[in-house]
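Chemist: Take a look at the letters that make up each chain.
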Amino acid sequence: MSATNPVIDISNLNVTFNRGRRPVKAVNGVSLTVGEGEVVALLGESGSGKSVTMRSLLRLHPKGTDINGAMKVAGRDVMALSTRDLGNLRGAVVSMVFQEPRLALDPVYTIGRQIEETIMRHEKVSRSEAAARALALFQKVRIPSPERRLQNYPHEMSGGMLQRAMIAMALACNPKVLLADEPTTALDATVQIQILLLIRELQRELGLSVIFVTHDIGVAAEIADRIAVMYAGRIVEEGRVADVIKAPKHPYTQGLLGARVELAHGRDRLVTIPGSPPDLANMLPGCAFAPRCPQAFEACKSTVPTLTEGGDAGRVACLQYA
Amino acid sequence: MAAITTEIPQATPQAAIAPAKSPGFWSGVVKKLCRDPVALCALGVLVILVLIAVFAPYLAPYDPTKGSVIRRLKPIGTPGYILGTDELGRDMLSRLIYGARLSLIMGVVPVPIAFIIGSAIGILAGYAGGTVNTLIMRTVDVFYAFPSVLLAVALSGALGSGLTNALVSLTVVFIPQIARVAESVTTQVRKLDYVDAARASGANGVTIIRVHILGNVLGPIFVFATSLISVSMILASGLSFLGLGVRPPDAEWGLMLNTLRTAIYNNPAVAALPGVMIFITSICFNLFSDGLRAAMDVKS
Numbered sequence: 001m002s003a004t005n006p007v008i009d010i011s012n013l014n015v016t017f018n019r020g021r022r023p024v025k026a027v028n029g030v031s032l033t034v035g036e037g038e039v040v041a042l043l044g045e046s047g048s049g050k051s052v053t054m055r056s057l058l059r060l061h062p063k064g065t066d067i068n069g070a071m072k073v074a075g076r077d078v079m080a081l082s083t084r085d086l087g088n089l090r091g092a093v094v095s096m097v098f099q100e101p102r103l104a105l106d107p108v109y110t111i112g113r114q115i116e117e118t119i120m121r122h123e124k125v126s127r128s129e130a131a132a133r134a135l136a137l138f139q140k141v142r143i144p145s146p147e148r149r150l151q152n153y154p155h156e157m158s159g160g161m162l163q164r165a166m167i168a169m170a171l172a173c174n175p176k177v178l179l180a181d182e183p184t185t186a187l188d189a190t191v192q193i194q195i196l197l198l199i200r201e202l203q204r205e206l207g208l209s210v211i212f213v214t215h216d217i218g219v220a221a222e223i224a225d226r227i228a229v230m231y232a233g234r235i236v237e238e239g240r241v242a243d244v245i246k247a248p249k250h251p252y253t254q255g256l257l258g259a260r261v262e263l264a265h266g267r268d269r270l271v272t273i274p275g276s277p278p279d280l281a282n283m284l285p286g287c288a289f290a291p292r293c294p295q296a297f298e299a300c301k302s303t304v305p306t307l308t309e310g311g312d313a314g315r316v317a318c319l320q321y322a
Numbered sequence: 001m002a003a004i005t006t007e008i009p010q011a012t013p014q015a016a017i018a019p020a021k022s023p024g025f026w027s028g029v030v031k032k033l034c035r036d037p038v039a040l041c042a043l044g045v046l047v048i049l050v051l052i053a054v055f056a057p058y059l060a061p062y063d064p065t066k067g068s069v070i071r072r073l074k075p076i077g078t079p080g081y082i083l084g085t086d087e088l089g090r091d092m093l094s095r096l097i098y099g100a101r102l103s104l105i106m107g108v109v110p111v112p113i114a115f116i117i118g119s120a121i122g123i124l125a126g127y128a129g130g131t132v133n134t135l136i137m138r139t140v141d142v143f144y145a146f147p148s149v150l151l152a153v154a155l156s157g158a159l160g161s162g163l164t165n166a167l168v169s170l171t172v173v174f175i176p177q178i179a180r181v182a183e184s185v186t187t188q189v190r191k192l193d194y195v196d197a198a199r200a201s202g203a204n205g206v207t208i209i210r211v212h213i214l215g216n217v218l219g220p221i222f223v224f225a226t227s228l229i230s231v232s233m234i235l236a237s238g239l240s241f242l243g244l245g246v247r248p249p250d251a252e253w254g255l256m257l258n259t260l261r262t263a264i265y266n267n268p269a270v271a272a273l274p275g276v277m278i279f280i281t282s283i284c285f286n287l288f289s290d291g292l293r294a295a296m297d298v299k300s
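For the protein sequence lines, the chains are A and B, in the order given. No gaps in the numbering here: position 94 of the first sequence is 94 in UniProt numbering, and each next residue is one more. No gaps in the numbering here: position 42 of the second sequence is 42 in UniProt numbering, and each next residue is one more.
Hint data in this document are derived by calculation from the structure and do not stem from the laboratory. Any given hint could be a false lead.
[Claimed, not checked] Simulated pairs of lysine to aspartate or glutamate, DMTMM-like, Cα-Cα distance not exceeding 20 Å:
#, chain 1, residue 1, chain 2, residue 2
1, B, Lys66, B, Glu87
2, A, Lys63, B, Asp193
3, B, Lys191, A, Glu182
[Stated by the list, open to error] Calculated from the model, a selection of chain B residues having no Cβ within reach of chain A, i.e. all distances over 10 Å:
#, residue
4, Val38
5, Ile48
6, Pro147
7, Gln177
8, Leu192
9, Val211
10, Asp250
[To be verified] Derived Cβ-Cβ restraints for the label pairs, each shown as a range:
#, chain 1, residue 1, chain 2, residue 2, range
11, B, Gly215, A, Ala136, 21 to 29 Å
12, A, Glu123, B, Thr164, 47 to 55 Å
13, A, Ser128, B, Val149, 48 to 56 Å
14, A, Ser128, B, Ile116, 32 to 40 Å
15, B, Asp141, A, Arg240, 29 to 37 Å
16, A, Pro62, B, Val50, 46 to 54 Å
17, A, Gly75, B, Gly205, 23 to 31 Å
Ideal Cβ placement from N, Cα and C applies to all residues, glycine included.
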């Protein structure tokens, strides 16, 4: 909201999967903007629609998925792009880092080859030039002995190294926007922080706009400028990192922050949010979080709260603040 | 000790300076195959068989079609006729040598053709998914539902006997089998993250099929296809045996088995010889394809 000229502008996005017997509404009226050089973390638990929201930006959903709403990325209307233009957008303007680097790289080609292919897809350069750029990228993401590593197959490298290679590949065509789908979840803790710092550093250096999907509030706090908390396909709270962490407004965000290990103070049980997320194929009327909400009142069961300005630059979707 | 200490300083700078290229997939396969004695033996036998087939005119002691009434059904070990003679007095050794030509052609030729057509159908169906997949695969299933021998016999019967028709019918028999395998592997690969990742970096459908699907799918299909060669050999022999393949007096192992069956009580050893050849060839193809499958398994 703060950015005057947003690089990513999603408004009222709805995504419905038509697989199986009932349509599943995975994203329900999400609006989100990301400014130039800004990092926004999409926070939420499994199935809250955060990855789906992000993938919508590249229209990466399987056939038969309904996407409604308006999405603009770097001045381009994603919904109106032809297949060819969409191909030109993907990787060159908007690129993506996946959760599991071991699965996101093709096992039968060397990593160097895969980066070269990506470069040659978008720019008319010779293979040797592409190879030189791949080498420079490997140096940029600080992979040791990059010449040799480029010749490696994915199974010959460790998870952290592969994620670095994945980031190198995502940056191959100097994109404006980086979409990161839980890029540190599959890595162990010490490697996680290295990758986070690397992404943060590259983001500052290249002025990238980043959407960072995670379910780890600590990771979000580490990397993001702003946080958007999602629950059951809706953004329930959005604001600057410091505001959201220090003074969470939505009961769900409060619950998430209350469930941190640090707050357990050596007790062997963590505070949890009771209940489980709703079935997206069978949504009840009213606030989706109401059945689990300790502060819910009668109106919560019938009225869906809208995302409204809650002071500062933050927004919250809760009837308490309406 | 001295040898070791002198070797190490030589080896390390080399590894450090030269960008040690990771060995490619195929050189790894070859290396693993070289360590598999069974597959190597099978390959050796197959190479010998092919050489025999190629150089048949130089190797065969007699004309394979020239018979003589006076030396009919000589037993194995008869001087001048090491493997005896058949029911028309033709030299068995010469006939077996010449028979390798047609038998190998009938065994080997249908498989690569079916491999190309079947893979194309299967990959298309697997990648397209949905209705297209259902449409293609159910059609394939109709053919797949027939026992392969029955289908081959029916097709050959309909097309008429002869080498070309037998090859065509064998190819048609194998296409659904290969298409099934291709479809199932493609469906698995299509859902993997790296296909999504390729799409997310701007690759279109053609590139994804050409680079990512083909690269990951051809290996398993290839291995399956090699295992079909032995089946093809046996089916081809069967067709010839039934008089639907090669016609006499051409030498072909299946056909020889057929014509010699009248002599099975008089001279069983000679009558069994073409069967032994079919057995050896098909088992060698099987063993080799097993070795190939093991060698192409990256995880091991």
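Chemist: Non-interface claim for B:Val38: all C-beta distances to chain A beyond 10 Å?
Modeler: Check passes; 26 Å lies beyond 10 Å.
Chemist: Starting from B:Lys66, check that the Cα of B:Glu87 is at most 20 Å away, please.
Modeler: OK: B:Lys66 and B:Glu87 at ~12 Å, within 20 Å.
Chemist: B:Asp250: least C-beta distance to chain A exceeds 10 Å?
Modeler: Holds, because the least Cβ-Cβ distance between B:Asp250 and chain A comes to about 44 Å, which exceeds 10 Å.
Chemist: Within 46 to 54 Å: is that where the Cβ-Cβ distance between A:Pro62 and B:Val50 falls?
Modeler: Since A:Pro62 and B:Val50 have Cβ atoms about 48 Å apart, the given range 46 to 54 Å holds.
Chemist: Could you tell me whether the CB distance from B:Gly215 to A:Ala136 stays inside 21 to 29 Å?
Modeler: Since the Cβ atoms of B:Gly215 and A:Ala136 sit about 26 Å apart, the hinted range of 21 to 29 Å holds.
Chemist: Can we trust that B:Gln177 is non-interface, i.e. its beta-carbon lies farther than 10 Å from all of chain A?
Modeler: Holds, because the least Cβ-Cβ distance between B:Gln177 and chain A comes to about 24 Å, which exceeds 10 Å.
Chemist: Against chain A, does B:Val211 keep a CB gap of more than 10 Å to every residue?
Modeler: Violated, because the least Cβ-Cβ distance between B:Val211 and chain A comes to about 7 Å, which does not exceed 10 Å.
Chemist: Against chain A, does B:Ile48 keep a CB gap of more than 10 Å to every residue?
Modeler: The assertion about B:Ile48 holds, with a minimum of 33 Å to chain A.
Chemist: Taking 48 to 56 Å as the stated bounds, is the beta-carbon spacing between A:Ser128 and B:Val149 within them?
Modeler: For B:Val149 against A:Ser128, whose Cβ atoms are near 55 Å apart, the range 48 to 56 Å holds.
Chemist: Is it true that A:Gly75 and B:Gly205 lie within 23 to 31 Å of each other by Cβ?
Modeler: The hint (23 to 31 Å, Cβ to Cβ) holds, given that A:Gly75 and B:Gly205 are roughly 27 Å apart.
Chemist: The output says B:Leu192 does not contact chain A. Does that hold with a beta carbon cutoff of 10 Å?
Modeler: 6 Å, violated
Chemist: Between the beta carbons of B:Asp141 and A:Arg240, is the distance compatible with 29 to 37 Å?
Modeler: Given range 29 to 37 Å: violated, Cβ gap about 59 Å.
Hints 8, 9 and 15 from the earlier list are contradicted by this structure; the remaining hints agree with it.
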